[in-house]
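Spelled out from the first residue to the last, the chains are:
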Amino acid sequence: MTDTVLGDRQKLAYIASQAADARLNVELETEGMTLNIGPQHPATHGTLRIICRLDGEQVVWAEPSAGYMHRGYEKLTEVRTFPQITTLVNRIDWLGSFANEVPFILAAEKLMQIEAPLRAQHIRTIFFELSRIANVGLFLGDLGVQMGAITPVFMAFRDREYVLNLIESATGGRFHPNFDRIGGLKDDLPKGWIDETRQVMRKLRNFCDEMDELLFGNEIFQSRTRGIGVIPKEIALQYGLSGPNLRASGVDYDLRRDQRLPMAWDKIDFKVWTHPDGDSFARCWVRLQETREATLIVDRLLDTLPAGPIMAKVPRIIKVPEGEAWVSTENPLGEMGYYIVSKGDLGPFRVKIRSASFNNISVVPWVLRGVYVPDVITILASLYFILGDIDR
Amino acid sequence: MSSPEAPVAELPGDALRERAVDDMRRAIGDSLVDVLVKPGDDLWFRVATDAWRAAGLALRDQLGFDYFCFLSAIDWMPSPYGRGEDDPTAPPVERDTAVRQGYTGGETRFQVFARLTNTTSHFGVTIKTDVPDDLTVPSWVSAYAGANWHERETHEMFGINFAGHPDLRNMYLPTGFEGYPLRKDFPLLARMVKPWPGIVDVEPLPGEPEGGDAEENAE
Numbered sequence: 219m220t221d222t223v224l225g226d227r228q229k230l231a232y233i234a235s236q237a238a239d240a241r242l243n244v245e246l247e248t249e250g251m252t253l254n255i256g257p258q259h260p261a262t263h264g265t266l267r268i269i270c271r272l273d274g275e276q277v278v279w280a281e282p283s284a285g286y287m288h289r290g291y292e293k294l295t296e297v298r299t300f301p302q303i304t305t306l307v308n309r310i311d312w313l314g315s316f317a318n319e320v321p322f323i324l325a326a327e328k329l330m331q332i333e334a335p336l337r338a339q340h341i342r343t344i345f346f347e348l349s350r351i352a353n354v355g356l357f358l359g360d361l362g363v364q365m366g367a368i369t370p371v372f373m374a375f376r377d378r379e380y381v382l383n384l385i386e387s388a389t390g391g392r393f394h395p396n397f398d399r400i401g402g403l404k405d406d407l408p409k410g411w412i413d414e415t416r417q418v419m420r421k422l423r424n425f426c427d428e429m430d431e432l433l434f435g436n437e438i439f440q441s442r443t444r445g446i447g448v449i450p451k452e453i454a455l456q457y458g459l460s461g462p463n464l465r466a467s468g469v470d471y472d473l474r475r476d477q478r479l480p481m482a483w484d485k486i487d488f489k490v491w492t493h494p495d496g497d498s499f500a501r502c503w504v505r506l507q508e509t510r511e512a513t514l515i516v517d518r519l520l521d522t523l524p525a526g527p528i529m530a531k532v533p534r535i536i537k538v539p540e541g542e543a544w545v546s547t548e549n550p551l552g553e554m555g556y557y558i559v560s561k562g563d564l565g566p567f568r569v570k571i572r573s574a575s576f577n578n579i580s581v582v583p584w585v586l587r588g589v590y591v592p593d594v595i596t597i598l599a600s601l602y603f604i605l606g607d608i609d610r
Numbered sequence: 031m032s033s034p035e036a037p038v039a040e041l042p043g044d045a046l047r048e049r050a051v052d053d054m055r056r057a058i059g060d061s062l063v064d065v066l067v068k069p070g071d072d073l074w075f076r077v078a079t080d081a082w083r084a085a086g087l088a089l090r091d092q093l094g095f096d097y098f099c100f101l102s103a104i105d106w107m108p109s110p111y112g113r114g115e116d117d118p119t120a121p122p123v124e125r126d127t128a129v130r131q132g133y134t135g136g137e138t139r140f141q142v143f144a145r146l147t148n149t150t151s152h153f154g155v156t157i158k159t160d161v162p163d164d165l166t167v168p169s170w171v172s173a174y175a176g177a178n179w180h181e182r183e184t185h186e187m188f189g190i191n192f193a194g195h196p197d198l199r200n201m202y203l204p205t206g207f208e209g210y211p212l213r214k215d216f217p218l219l220a221r222m223v224k225p226w227p228g229i230v231d232v233e234p235l236p237g238e239p240e241g242g243d244a245e246e247n248a249e
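Here the protein sequences line up with chains A and B, keeping their order.
With my numbering as the guide, the letters of the first sequence map in order to residues 219 to 610.
With my numbering as the guide, the letters of the second sequence map in order to residues 31 to 249.
Please note that the accuracy of each hint is not assured.
To be verified - To give an idea of the chain B side of the interface with chain A (calculated C-beta under 7 Å), a few residues:
(1) T149
(2) A175
(3) W179
(4) H195
(5) R199
(6) M201
(7) F207
(8) Y210
(9) M222
(10) V223
(11) K224
For the record, the hints were derived by calculation from the structure and aren't laboratory data.
Ideal Cβ placement from N, Cα and C applies to all residues, glycine included.
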């Protein structure tokens with residue numbers, strides 16, 4: 219942390235943290251205090267514990283303590299075959315499961331030098347965006363709860379159900395579709411699915427408008443998030459923040475647009491939303507815009523859905539040739555990628571799972587320094603993490 | 031089985047990667063041990079261990095790799111337990127555990143590797159370094175603040191030390207945990223005590239030749 223640029227407020231907080239170590243405040247001569255937030259706390263999205271050292275109402279030092287959900291996926295991948303691994307990685311970010319499978323499958327396909335047929339690429343992208351809507355849609359509702367507004371979360375759960383039903387009707391699984399295969403997809407879309415999806419996308423756009431008015435236009439919401447928890451661009455990049463957290467700091471970087479993948483994002487137009495402020499409001503606002511954009515992406519992809527097979531010709535027993543490959547995609551939470559090392563076996567030799575939340579949450583000690591206790595909750599909410607995505 | 035889309039090799043970006051290699055060579059000289067460029071696809075560097083931190087700084091300041099993606103390690107020794115599919119009651123199987131490194135080679139059993147991205151030119155690099163016998167590699171925390179947690183994780187999972195890291199506490203494992211779980215010689219106990227039923231999945235169906243379509247299996 220030493221070489222990191224600290225703001226004035228943070229420098230002061232740092233000095234105060236030294237004082238809090240001695241359990242004495244310099245100015246007020248009060249005792250410092252350590253506050254545990256979590257592991258079980260409604261505001262922590264699972265079992266994450268944040269240890270805060272306080273000086274009065276101000277946090278002078280904070281450290282997240284993760285690991286309550288560590289399942290050792292990197293070790294488990296080494297004893298499984300490639301097709302078996304999608305079942306595991308589904309459970310990393312459980313709100314946007316399908317999006318977890320895609321980069322893994324793409325990396326394996328890259329090593330095998332095969333590409334899914336065009337229709338499969340399109341359907342993959344559609345499901346990818348549907349999982350983004352299901353994931354971030356819930357975030358928008360959840361955001362209200364963190365600030366004491368109960369209504370948005372009911373709306374979010376109501377409308378997310380439509381998306382989950384869509385995913386279920388096509389894949390058979392609401393949360394863990396396990397639908398992606400090396401070389402394509404398990405099945406084609408069921409009859410009537412496309413029309414249904416269009417209707418649901420319309421509903422979801424209404425939901426976004428509702429949230430926009432109900433939450434983002436709300437004065438209390440704005441005063442609790444504007445100017446709070448500002449993460450400048452340089453810090454965001456250094457910590458490897460990704461996804462909406464990075465774009466809310468003004469970095470125009472989106473892996474859907476900025477890299478060539480055998481997916482359908484380059485076949486359509488969409489806008490990458492950024493916000494220059496880098497505060498809690500910006501992060502939430504970018505997510506709202508992205509959810510709405512995702513519904514539009516789904517619509518456009520449905521318009522251009524090509525006909526054709528959904529599975530490339532792959533051997534029944536999948537052996538991935540020797541080599542190393544890195545593929546990452548713009549998941550609902552940010553950049554998620556897999557570095558696969560294969561030795562030509564049935565399973566990988568080593569898989570490094572790069573999950574978005576791990577990096578996103580590593581900025582917490584930096585950003586919480588010098589903020590007030592009630593803001594801790596809003597900042598954590600706006601950073602948006604899934605515990606499974608931190609611990610893997 | 032590639033689609034009618036433009037083949038990967040024709041993408042722009044080769045010049046970018048070649049230039050990055052030249053810049054890197056200029057920045058750290060002979061410390062850049064090995065390079066692998068896959069045109070239009072990806073880029074690998076291997077640097078000398080002593081120059082690990084200097085390489086990180088050069089990549090950040092001179093080559094514009096401003097975005098820290100991840101840092102981890104690889105244990106190149108094949109697992110003596112294979113893929114955990116042995117019958118626990120049978121005598122132990124002898125396996126070849128000769129260390130064989132991947133892209134850009136190497137000399138040691140462990141390698142630390144990291145991924146950085148240039149957010150302006152939109153390309154990334156995987157950078158590796160050998161881990162010497164004292165299992166100590168310079169820390170990147172002062173170059174990329176985000177490396178902090180990644181180095182902590184690598185430390186507890188592989189037992190690799192990072193010289194200059196402020197606080198190498200365990201993140202996941204309890205303090206005092208013995209062994210390094212992601213090392214290949216750390217057994218996956220769940221597989222040691224009970225045969226793995228999933229092996230059934232990879233057996234060929236009746237009447238199908240072993241290995242499926244031979245043409246597809248070719249590299």
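Results of checking the hints against the structure:
1. T149: Cβ of T149/B sits 5 Å from chain A, so the hint holds.
2. A175: holds, 5 Å
3. W179: holds, 4 Å
4. H195: violated, 11 Å
5. R199: violated, 9 Å
6. M201: Cβ of M201/B sits 6 Å from chain A, so the hint holds.
7. F207: Check failed: Cβ of F207/B comes no nearer than 11 Å to chain A, outside 7 Å.
8. Y210: violated, 11 Å
9. M222: violated, 11 Å
10. V223: This hint is violated: V223/B lies away from chain A, its Cβ roughly 14 Å from the closest one there, beyond 7 Å.
11. K224: violated, 13 Å
The structure shown violates the earlier hints numbered 4, 5, 7, 8, 9, 10, 11.
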